[in-house]
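All chains, please: the whole structure from these sequences, using the hints.
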Amino acid sequence: PISVDTYKVDVAEAAVSAGARMINDIYGLRREPALAELAAHHNLPLVLMHIRGQPRTMQKNPRYDNLMGEIVDSLRRSVATALRLGVAPEALIIDPGIGFGKSWEDNLRILNRLVQLKTFGLPVLVGVSRKSFIGAVLGKESPKERLYGTLGASAAALVAGASAFRVHDPQEVRETLLVAAAVKQENTNVAG
Numbered sequence: 001p002i003s004v005d006t007y008k009v010d011v012a013e014a015a016v017s018a019g020a021r022m023i024n025d026i027y028g029l030r031r032e033p034a035l036a037e038l039a040a041h042h043n044l045p046l047v048l049m050h051i052r053g054q055p056r057t058m059q060k061n062p063r064y065d066n067l068m069g070e071i072v073d074s075l076r077r078s079v080a081t082a083l084r085l086g087v088a089p090e091a092l093i094i095d096p097g098i099g100f101g102k103s104w105e106d107n108l109r110i111l112n113r114l115v116q117l118k119t120f121g122l123p124v125l126v127g128v129s130r131k132s133f134i135g136a137v138l139g140k141e142s143p144k145e146r147l148y149g150t151l152g153a154s155a156a157a158l159v160a161g162a163s164a165f166r167v168h169d170p171q172e173v174r175e176t177l178l179v180a181a182a183v184k185q186e187n188t189n190v191a192g
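At position 64 of the sequence shown the residue is numbered 64 (our numbering), and the sequence of numbers has no breaks.
Worth flagging that the hints you see were computed from the coordinates, not collected in a lab.
Don't be surprised by glycine CBs; every beta carbon is placed ideally from N, CA and C.
Mixed in with the good hints there might be a few duds.
[What the hints assert, rightly or not] Calculated pairs, BS3-like style, for lysine-lysine (alpha carbon to alpha carbon, straight line, at most 27 Å): (1) Lys184 to Lys118; (2) Lys140 to Lys60; (3) Lys60 to Lys144; (4) Lys60 to Lys8.
[To be verified] Across the chosen pairs, the derived CB separations fall in these ranges: (5) Arg77 to Val179: 34 to 40 Å; (6) Gly121 to Arg56: 32 to 38 Å; (7) Ser132 to Leu178: 35 to 41 Å.
This is the structure we're talking about:
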């Protein structure tokens, strides 16, 4: 579905009127809890993301005492707010916010520990596509050079528990995830 990526209610309302069928709040309802009411009113899926800081400054020396603990606590508050404001549990999706107020090492830790988010019993979305942590690992400055790293990170995320992916290269990621899912499920029903 087409998603609107915003934390502003008026922008979300306009996007929903124009056909958006999912709301993605990078602040996890900490800025505009009314986004939950909008999602509930239209019976739309709502993505709740973890972010530390503001987009302009979030990457300036991010430090965590307990990375996954902070992400889990923040998402727990976001989920509670969404439920209190009428969003159906089956409409909620959580996102650890890879690349949003985290170092490149933090992003690798999140991918390695995604299973900790499965305790919510909700779908976990990740956005690893062409992110700077992939560039750091591969030594690739340009996002255009990060497709193969994106495919590897996407496969790792699927194996670790992610069930939804924000991507720039849908066909390539889809095929990668089909193979990773088959391996994960030990599926021997292969085509051809």
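The hints, checked one at a time:
Annotation: proposed proximity of lysine 184 to lysine 118 holds, straight-line Cα distance about 16 Å (limit 27 Å). Restraint check for lysine 140 and lysine 60: satisfied, since their Cα atoms lie roughly 20 Å apart, inside the 27 Å limit. Restraint check: the Cα-Cα separation between lysine 60 and lysine 144 comes to about 24 Å, which is no more than 27 Å; the hinted pair holds. Straight-line distance between C-alpha atoms of lysine 60 and lysine 8 comes to about 24 Å, which keeps the hinted pair within the 27 Å bound.
Separation of arginine 77 from valine 179 is about 37 Å and conforms to the stated range, judged on CB atoms against 34 to 40 Å. Checking the proposed 32 to 38 Å range against glycine 121 and arginine 56 shows it holds: the Cβ atoms sit about 34 Å from each other. Judged by the Cβ atoms, the range 35 to 41 Å given for serine 132 and leucine 178 is violated: they are separated by roughly 27 Å.
Figure legend: structure checked against the earlier numbered hints; the only hint not met is number 7.
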